[in-house]
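S.K.: With the hints as a guide, dock the two chains, each given alone in a separate frame, to form the complex.
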Amino acid sequence: MSRFREMIEMIRMALNAVRTHVLRSSLTILGIFIGVFSIIAVMTGIRVLQSNLESAMSGLGANTFQFQRSPAIHFDDIDWEKILRRRRFFAANMKRIQEKSTLAQAVSATASFGVGEASSKFARTNPNITGVGVTPDGFITQNWTVLDGRGFSEADDTSGRRVCVLGADLAEKLFPLGSPVGQSVKFCGISYNVIGLLARRGSLFGQSRDNFLAIPLGTALRLYGQSLSLSIQVQAPGRDTYQDVLEQARGAMRTMRRVEPGIEDDFEIVSNESSVGQFRDLTSAIRLGAAVISSIALLAAGIGIMNIMLVSVTERTREIGIRRAIGARKRSVMIQFVAEAILLSEIGGVLGVIAGIAFGNLICFLVQAPPVIPFDWAAIGLGICSAVGIIFGTYPAWKAANLDPIDSLRYE
Amino acid sequence: MSLIRIENLARHYVMGTETVHALRGVSLSIERGEYLAIMGPSGSGKSTLMNLLGCLDTPNEGVYELNGENVARMTDNELADIRNREIGFVFQSFNLLARSDALHNVELPLIYAGLPPKERRERARATLANVGLGDRMHHRPNELSGGQRQRVAIARALVNSPSIILADEPTGNLDSKTGVEILGLFEELSRRGNTIIVVTHEEEVALHSRRVIRIRDGLIAADEINREQRAVVGGAAVALSGITPLFIA
Ligand SMILES: Nc1ncnc2c1ncn2[C@@H]1O[C@H](COP(=O)(O)OP(=O)(O)O)[C@@H](O)[C@H]1O
Ligand SMILES: [Mg+2]
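From first to last, the protein sequence lines stand for chains U and E. Quick note: our numbering has the first sequence finishing at residue 521, numbered continuously throughout. Quick note: our numbering has the second sequence finishing at residue 252, numbered continuously throughout.
Bear in mind the hints are in silico, worked out from the structure with no lab data behind them. Check the hints yourself; a few may be wrong.
[Stated by the list, open to error] Listing some non-contacts, in silico: residues in chain U with all C-beta distances to chain E over 12 Å:
(1) 125
(2) 311
(3) 363
(4) 396
(5) 488
(6) 511
[Said to hold, decoys possible] With beta-carbon atoms standing in for the labels, derived distance ranges:
(7) 405(U) <-> 132(E): 53 to 59 Å
(8) 492(U) <-> 204(E): 52 to 58 Å
(9) 17(E) <-> 133(U): 46 to 52 Å
For glycine and all other residues, C-beta sits at the position ideal for the given N, C-alpha and C.
Chain E on its own, in the form it takes in the complex (with noise of 0.2 Å):
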């Protein structure tokens, strides 16, 4: 069983007398411990697939099953389980509490999950030291970098040992050295089995994912495999091979 399978995804905005269709159809499966990037261009509806990936949307047609389950049908309340379990979002412009230190930062998904303090606490610190800021505990996020910061919002997205790792533009607020060290955090990730999704507009990004799916206009142009793909060696890219074509629409 496939860890996610869609099907005829559509998802459509209505604005005034307009309808905005920012998803025309599109059919997917993703497997347990995939590296995947998600290309296209600005305005092509990556954002909205992500959503709808994450959980924090819902379809207007088609079939979405995480894990064998049809999350289209889901109640609000399921929906925000599922994003607790098994979604970790990491976003371009990170999305931390900036009246929370790193720690509590990261804790926060323990704490909908309703683990007891010790426990969440002492997980917080793990996933924090993992990500190499295990020195970082209680800076807050303006008294940390960019880098770091996206750093932290990883953490919290690993923490509570989700299924998958959305990342939508991770690297879209980062200097291009930051990027690539980012990068190749989620490639240690990858190796490390989990599953993780990447949206971005960038080429270089997305060399470094097994996969690429690249959409336009609401629908899926081609999905590749990335077979010689390139690797960060000691925080810096190299570039390996090309990319073969798999599916092209």
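Same shape as in the complex, but just chain U (with noise of 0.2 Å):
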């Protein structure tokens, strides 16, 4: 008999099966479906994260690392005094990194300077408008590129010039009509030139990352006090030089920041692959978590499944007689009756796996990324779920396909 129609008809004997007690077979189904939709739902909402994550966690360029006071990602328990208490970073302190950073193919340094309204002759914006200030390599290191106009100079930076350029969102709203290049715009009262407008670098955890401002750092450093914090950037020139780079300017900073042998960094080193590792960290309690309910689910599922099962043959004893009389195989009496343990359970995954997807991409709507669907986990899922279907129907199945015929024809 040929394997592929047996199968068809094993489904389809299998569907009426379950169809003649809806009931019965929903709360089985159900069980499934919590165990998988729980695992689906937290994969799902997990990768929708890091997709947004990976793409732009901490806004730096390839083989970049950043100096900055607190951790990228963190938890409650993080103990804030003692990031509190660090020193903060100052220009003379990107200067040195830079001499002592041989190996660097770019150093720059960031330091926000205020949050406001800006205003063109045009428009005027909400007042929340990020001004930042960044040295001339920050275009590199953070991986902006200059559509239109330019970046800036060094002598735009050491001469403290009144130029900016603008984020893509922000320009947008100042300059609706054309270039915002050569026109000007004013930020926190202070007048700035218009010289270059950036390329869009999308939103991260729904916050928009074009809108903002940026000058020299030279120019905020005069307009807003040398006290300003900064982030220093180090971009190696490649992969097989980054771990190097970041061992020597790192030594550098702690010389510079009289940290003693032995005792812990004083600041934090971030970068992209720091960042989603933090992240990875952070979810692998949750995972763990939906992992162990998923597991307990899938198997009360799976010993209710095992139940209805033996409970199925006990009560089709009769028609197992009848078929194995016309000449059904122990084999197709067996396969009969997995095929409905695994039909039973896969419609449970299914829909689980349908339900999770569709749960765990309600994230997207919070951060404002694009959704995602696992295949690899539905996969595993649906996997699972026949493996489930197996090995709770196996039993049963062998029992039903053992029966004696004779004794199943009398039956009552």
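M.R.: Pasting the structure below:
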């Protein structure tokens, strides 16, 4: 008997059997559904956050790390007092890193100097625009692309010129009709000449990363004082030199900040890689929790399937006898019942995968990220369901297949 | 070569400390195309013999050759295939799948034979039409009368063109008029060349066959040719004549 045709037939029979006991089947299906749903929803949610994160976590370029006071991602149990006691980074620190990091390709410093309202002669914004000071190499280390005009020169920085470049969203708002280059923008009461327009960077966790204005760091320090808190970015020429560059710069930073040997850094080093790694560590607890819940639910559901199948075998003893009498092999009976168990399990599994992906993607609205379909987890989920069906359906099916045909035919 | 040859067939059941000897050594030959009745009082071993002939059960002793092949030594799978291809069962209690319609019930043996859906549907339809149920294909067993159910069962037994049709008390659950109709159907099938073995404890039923084997206490008591067989004409039984003993144990 052709295997394929047999399978089709078995699935048809299984569907029939499941249909005749809708209520009983639904309860079992519900168990599987919960198990699959919980794992798929959590994995989808994490995947959404992660893909968003990986694309643009800290806004740093490739092979770039950043010195900063506080960690990029943190739990509640962070020691804020310790962090706040840390000394800030100053322009002199950057200069020193620049000198000592002989292996680095680019070293830059950035500092936010204010949040406020920006205006042009055409429009004005809400007071939610971030102003940052950036050294010329900041364009490289932060992966900024200048679409129109130019970036900052050394001269802009050292002589503190009142020039700025605009993020894409801000430029659109202030200059809806034409290029902003050559125009004037007023931010926190000071006018700047727009010399460049940056390419769009997109949003991260629901926040636009193009709603800002950048001025030379030298200008910012002059206007807002030397005490601005800096972050320092260092870019390595390539992946192979990254670790050396990092160690060199870190050593220089420790010396400068007089960190004794054997004492931990009094600063954080952040990179795209470390951010993603930290995110993974953070979510591993959630992942583990989801895996435990889903395992328990699937185990319970599996036992439910076994139970329902044993009842089904007893109820259908006569049917089994009839099938055996007209020529069904033991194997056919076995396949029929295993198929039924798999089908029960897979109905719950498919529903769980669909609902889990939908639910997990709800977080997309929160962070305004594109939805994610985790095909690998969907496949794993359905695979587990088949396994549950096979594992818990085999014993009842074996029992069915090995019933004595004559006794079964006499069964009332 | 005989269709069926059994020699010293014995079957006992062990129940705790007791052993029930259902068959104590039965020898018999059945030719292709015979219409045979197995008679005997309740508990005499008729069903046990039937189950052995139908390859649902294997003997403790003896030889059973079906089409020259020794069935007693076959594996479970081989027996299943023989039941599928060579045997058509008709039971007293019909034994149809309650949740399936007539057509699917008749199709079932063909499913296990591995026929493609289109072909098996066609054959099931034709067979159902042959037993006079062309207009009841999609009725479920509980929507059919007893006689109609037994016709569906007969169609299911016939659909694979088996070598033998085995009927265990096929009229036992039917009123006498419907019973006669079913016997008429068997006669018709016999005329068309089918081999039919009917188990019964009713003389009335045995009268329709051409050969009667009487069993008592697990042994053959008599094997007789029924010379003037009773025929069913127009749905009513007409008695013709008696039975001539052929062999008395
Ligand atoms: N599965 C079984 N287990 C134990 N005893 C059985 C079994 N099947 C039949 N018997 C016994 O074997 C004898 C013959 O039974 P059976 O062939 O069913 O008789 P009949 O069909 O002629 O009424 C009876 O005594 C019956 O009780
Ligand atoms: Mg009986």
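S.K.: Need the list of violated hint numbers for this structure, in ascending order.
M.R.: 1, 6, 9
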